[in-house]
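Hints given; two lone chains; assemble the complex.
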Amino acid sequence: MALVLTDDQKMIRESADGFFKTEAPVSQHRHLRDTADATGFDRATWAKMAEMGFAGVLVPEEYGGAGFGHVAAGLIMEAIGRNLSAAPMLSTAVLGTTALVAGGSSEQQAKYLPLIAEGKRLFALAADEAARHNPAHVTTTATPSGNGFRLNGVKGFVLDGHVADTLIVAARTSGEDKDKDGITLFLVDAKAAGVSNERRSMVDSRNAARVTLADVQVDGADVLGAVGGGFAILEKILDAGRACLAAEMLGVSSESFVKTIDYLKQRDQFGQKIGTFQALQHRAAHLFCEVELARSATLRALVALDEKDDRASLFASLAKAKSGEVAKLATNEGVQMHGGIGMTDDFDIGFYMKRARAAQETFGDIAFHGDRLARLMGY
Amino acid sequence: MADLETFRAETRAWLEANCPAEMRTPITRDADVCWGGRKAKLSEAQRLWMDRMGGRGWTVPEWPAEYGGGGLSKDEAKVLDSEMRRIKARSPLSSFGIWMLGPALLKYGNEAQKKEHLPKIARGEIRWCQGYSEPGAGSDLASLRTSAEDKGDHYLVNGQKVWTSYADKADWIFCLVRTDPSVAKHLGISFLLFDMASPGVSTSPIKLISGASPFCQTFFDNVQVPKENLMGQAGKGWDIAKYLLTHEREMIGGSDSTGGGMQGGVSQVARRQIGLDAAILADTGLRTDIVRHEINAWAFALTMERVKDEAKAGQGVGALSSMLKYYGTELNKDRMQLLMSINGSDGLTWEGPGEGEGDLARHWLRSRANSIEGGTSEINLNIIAKRVLELPGA
Numbered sequence: 077m078a079l080v081l082t083d084d085q086k087m088i089r090e091s092a093d094g095f096f097k098t099e100a101p102v103s104q105h106r107h108l109r110d111t112a113d114a115t116g117f118d119r120a121t122w123a124k125m126a127e128m129g130f131a132g133v134l135v136p137e138e139y140g141g142a143g144f145g146h147v148a149a150g151l152i153m154e155a156i157g158r159n160l161s162a163a164p165m166l167s168t169a170v171l172g173t174t175a176l177v178a179g180g181s182s183e184q185q186a187k188y189l190p191l192i193a194e195g196k197r198l199f200a201l202a203a204d205e206a207a208r209h210n211p212a213h214v215t216t217t218a219t220p221s222g223n224g225f226r227l228n229g230v231k232g233f234v235l236d237g238h239v240a241d242t243l244i245v246a247a248r249t250s251g252e253d254k255d256k257d258g259i260t261l262f263l264v265d266a267k268a269a270g271v272s273n274e275r276r277s278m279v280d281s282r283n284a285a286r287v288t289l290a291d292v293q294v295d296g297a298d299v300l301g302a303v304g305g306g307f308a309i310l311e312k313i314l315d316a317g318r319a320c321l322a323a324e325m326l327g328v329s330s331e332s333f334v335k336t337i338d339y340l341k342q343r344d345q346f347g348q349k350i351g352t353f354q355a356l357q358h359r360a361a362h363l364f365c366e367v368e369l370a371r372s373a374t375l376r377a378l379v380a381l382d383e384k385d386d387r388a389s390l391f392a393s394l395a396k397a398k399s400g401e402v403a404k405l406a407t408n409e410g411v412q413m414h415g416g417i418g419m420t421d422d423f424d425i426g427f428y429m430k431r432a433r434a435a436q437e438t439f440g441d442i443a444f445h446g447d448r449l450a451r452l453m454g455y
Numbered sequence: 010m011a012d013l014e015t016f017r018a019e020t021r022a023w024l025e026a027n028c029p030a031e032m033r034t035p036i037t038r039d040a041d042v043c044w045g046g047r048k049a050k051l052s053e054a055q056r057l058w059m060d061r062m063g064g065r066g067w068t069v070p071e072w073p074a075e076y077g078g079g080g081l082s083k084d085e086a087k088v089l090d091s092e093m094r095r096i097k098a099r100s101p102l103s104s105f106g107i108w109m110l111g112p113a114l115l116k117y118g119n120e121a122q123k124k125e126h127l128p129k130i131a132r133g134e135i136r137w138c139q140g141y142s143e144p145g146a147g148s149d150l151a152s153l154r155t156s157a158e159d160k161g162d163h164y165l166v167n168g169q170k171v172w173t174s175y176a177d178k179a180d181w182i183f184c185l186v187r188t189d190p191s192v193a194k195h196l197g198i199s200f201l202l203f204d205m206a207s208p209g210v211s212t213s214p215i216k217l218i219s220g221a222s223p224f225c226q227t228f229f230d231n232v233q234v235p236k237e238n239l240m241g242q243a244g245k246g247w248d249i250a251k252y253l254l255t256h257e258r259e260m261i262g263g264s265d266s267t268g269g270g271m272q273g274g275v276s277q278v279a280r281r282q283i284g285l286d287a288a289i290l291a292d293t294g295l296r297t298d299i300v301r302h303e304i305n306a307w308a309f310a311l312t313m314e315r316v317k318d319e320a321k322a323g324q325g326v327g328a329l330s331s332m333l334k335y336y337g338t339e340l341n342k343d344r345m346q347l348l349m350s351i352n353g354s355d356g357l358t359w360e361g362p363g364e365g366e367g368d369l370a371r372h373w374l375r376s377r378a379n380s381i382e383g384g385t386s387e388i389n390l391n392i393i394a395k396r397v398l399e400l401p402g403a
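Here the protein sequences line up with chains A and B, keeping their order. Numbering of the first sequence is given in my numbering, commencing with residue 77 and proceeding in unit increments. Numbering of the second sequence is given in my numbering, commencing with residue 10 and proceeding in unit increments.
Just chain B, with the same shape it has in the complex (with noise of 0.2 Å):
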């Protein structure tokens, strides 16, 4: 304890000293949050603060020192970010490489993949994309078509991916690809890293509903692939597909724009457009729909604590990933078509003189993607169905 102490005023004084005033101001604009890679347009502070961070392996503090990470325990990490929060740091660095990929490298990746990408991912050199979903397989993941023809010495990659985002903005992608044709179709796929600088790699914006989006088209033209750039095993792809796709369920399903931490915030804006009277909501009606919506948010809440606290204690429910991804996304639509109902035909601007005009509207209409993306409600429902009730045939 001394020592996690003596561990809290270091790193107390360093970030004093090395953490840039710009950086403890609320993020505001898609711009204030930091993505690093090759094409990245830092500020001058976000440039020096990903780089100091970057140095120390804080922003992936727990990853280990040989592999660019901070190699802190998890109190140590605990009591960094309580620092970070205390001064009101930004995070340092927003990375697919630090969430999704680098998990799957630390299990699957070899020593010398790991020793080449995940020094650059903590540092924000690289950033990655993933290739997962193609117009032809969506909820039917494993059915993906995008072929990788053993060549000798190099994988000749032709397809294409679809809902990959920020594929314009990505140095590397990890990619799953159909290796093996002629075998089961979960067993004939590989999972493949490549620079998205290769010749024959090109991308596609896609609009939606709720207007830009960072969700690109990517197409594969004779792309050659190093084999070395192999992760894991060849036909092994689907695996590790699955490994990181619990990760992004937890990762969608517990953040605080779904699910967790948001208790009392639908009411908090009702009562500031509506008002109250008597000491109650002036909308009886819309009170009712909103009381009926926190009760709910609130119990989720406690469920995202109560399985840490169980996690902790070795305890556990299955299928985890699942329950929050389903529950926490069909929450949040719900709580955006609230907001939309709250604010009315305010809500229902599209463009206007004001800043921020039009972003409810467009928030609302994105929400509705947080049912369908990372695996929709519908595809987890079936996983509980069958890994938790393990219910015949499912």
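Chain A with its partners taken away, still in its complex shape (with noise of 0.2 Å):
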């Protein structure tokens, strides 16, 4: 597949960049922080994102979705950074679809699945137990139980893990810390006796729980995949989340950059635009080519897998690796060329740097896929 849209993806961006311009702007963003929203979304906008197809971008026709694939959630996600759109569709849409078509029995599939096309059901992950990134790190412990497992631990940076209603848990039934072997997926209900989460307010607004996991009891039939085996559905999983994070930063790159440029035209010192001094126009020339670079990683990514390519983990790598980069850069040099009204919490340049911090956290950042990248390409 070139590395090009079809005329069916164009079509998509162009509907998802309308449907979040006047549905989730930056001003619903602002409102629910400055409201301490319980929730933390819009559930009528999630409705609306439900009947456009975007909760079921990744659903199969044969379960109620769209079925449009990974570029086109590439896309749905880009628009959501450049509006700094609130939505569980990352955690859901992106997420929890892939949890149950990569790994799901047909009878969790057929339960499930048209639930998330449908925007009725919300999924988290729940899978970091550690502040840095390390998806073999888990210590939270499956034991035998009557006709399934007792899980016990603790969670850390679930997304939207406060209000989810099905949990896919990571824990270990074999094996020691950070082995890969021995990792089982269970998808728990939250509302189960012995689960508990408490909210935490992060800094791009967005939501994140802490869940502790006390004797919590689940059935067999709610293992995800092969006892023992979670790890590689784990990886797939998070391959779709850090190729979908890498569209949503380079949605965050693109937007902040434009409303840069736009400044540059604007501002006037010395008696004339800022955008005429060579200092600032090399760098926002040099922002560009990085964006540009930002899009052609993502853009592969996506397709790999969509192509189910062998190297859908590595290039997965290097967009989250190479848009979490541009994303940090495009906000810093956002914000230091706003100059004073940048800092200023007024204005929304200062949001889209909040979330390009925590985007770039999320399922690691540029230390840890440069990592993975070099020990795939075997160094």
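Keep in mind that the hints were calculated from the coordinates and are not lab data. Take the hints with a grain of salt, since some may be wrong.
To be verified - Partial list, derived from the structure: chain B residues whose beta carbon lies under 10 Å from chain A:
hint, residue
1, Met313
2, Gln324
3, Tyr336
4, Ala394
Every residue, glycine too, gets a C-beta built ideally from N, C-alpha and C.
In structure tokens:
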């Protein structure tokens, strides 16, 4: 597949751009923050996203989804990034769907996938246990009990964890901490006895929770994939999430860039537009190139996922690393070139920097993915 | 499609019969590259291969047949390329005439000029050099001062060019000259073609920080150039110069030695030189530098791929050549510095008894010119700021 959008994908891009600009613009994000909204996103907007086919973008058509694929999911995430739209798109439509498609039994898929497409059930991935992303670091235990398992442990940085209906929990059924073997994934009802969560207010005003599992009894039927073989599924979930986060960060970068260029054309100092200064022109031109590189790496990762390319993990890491680096640069430059006004809460540019920071940390930053890439390439 | 398959079969058979065995071995030395021209010292096989390919116009497959080209469609040219790759055939002819002057001649030359020059370029008979930069006109190229005075039937050319690659080996020069000193600097420039054997032309080589180089200084002392050697209109030379520079920048930015197609190259060298420890590179600090470089190199290569795909689909990014030139050459400088670090004190060798000793240091030093020649990084950033970002005053 060529690195160019098809006509169908271009239509999805247009509809996503239009939708988020009108239905979930930055002002909605600001309102949710200022009112300390208990949900953290607007449920009515999410219902509309389901109607638009966004919630089911990765859900196969036989389960009531749109089945548009990862390139389309990335275009939606990019529009979300441009508008800083708060929605459970990543947690549910990307991570939840991928978990079920990659690891779910046909019963699990039939039970949950249509609900995701309809926007009626929210998922959250409970994987990370330490502040620095490390998916093999799993100390949460799953010990055989009754016809299933009993879970104990604490999960941090669970995106949309406080509102999720179903948690996807990575727990250890065998092996030592940091072993890739012996990790098992479970679908856990968020209301089950022993599950408690504590919402964390994050720098980007998005949702994350700390989830504690205390003697949570799960049924054998709620194991996702094979017992002990959860890591491979977890990697697929994370790679889809990483590629989609790269797309969201691309949206953050490009919108931050556009706002900054506009400002360079408006702001007068020393009797002229500050955009006439070569010190700023060269940095802006360099940033333009970097955003183009992030776009290429991101599109390649999404295409690789759609094509089930052997190198999908490699490209997901490349995209997450590059797009994260560029989002950091674009938002840093955005605030700097806006000067004092860029530091004010009244102005939106700071929101982009905050979101870029959180999205970079999610599922591995450039240090994590640089290391992963090097290992995948044999050094 | 059936026609294309027939073409493939015929091409394969012809290449098998006509490509000398010596021309199917890898290029290892400068002398292996065939530049053609009146002064060329070619091996028998090089001469044969150039003549055979040039005779069919396959040195320039997509140029029109009436001007010595192959007259092939894009698809046929791709078949030829893939069939040449299949037998590892060397390029029969490297030439500034093919890469730079030819496209400009096709666009701006008159019929007589096209008929005169293009076939000789295609057959490798005439080797061209480019007379652009001057001692006082580098980044500010349009301030060039080499003068061409109108003497009725000829121009009288006086002045000096610098950084003229292979001027001492070239037969003809395409040259920017000032025909009208009274108008704004961009409007008084013309594009002349003339024989380097003309009385009054002399060259002297330039030694670089990397050692011997193909660059020369070129002097014009009362050189008489016939009026019919003016390409395009008098005073319109700057348009041609810009068109040609766009080609040059895409070529520099996209070549294998700079940006494109080198993912994993640096880490492969590092693995060999430094080795692994518990499955990761034994020098962890350098490993981080290398992977950061390779992330950028890969993302750049993907960008080259994407812009090609978008161009095919009729879409495009503005000021593309400037972006590719800027980013590709900066990447290559970074790559060469990393290779120097990987090789440590071994990389410092300038001369030694073994073959190829000193090459790395020379290549590193030579790479520093990548972001200067053909438009500096700063000039290319200016162009992006002006044409894409439309910043005020840029």
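Cross-check of the supplied hints:
The beta carbon of methionine 313 of chain B is positioned within 10 Å of a beta carbon in chain A (closest approach about 8 Å), and the interface hint is therefore held. Because the closest C-beta pair between glutamine 324 of chain B and chain A is about 7 Å apart, less than 10 Å, the hint holds. Proximity of tyrosine 336 of chain B to chain A holds as hinted, the smallest CB-CB distance being about 5 Å (cut-off 10 Å). At a threshold of 10 Å, the smallest CB-CB gap from alanine 394 of chain B to chain A is about 4 Å, leaving the interface hint in force.
Hint compliance for this structure: no hint is broken.
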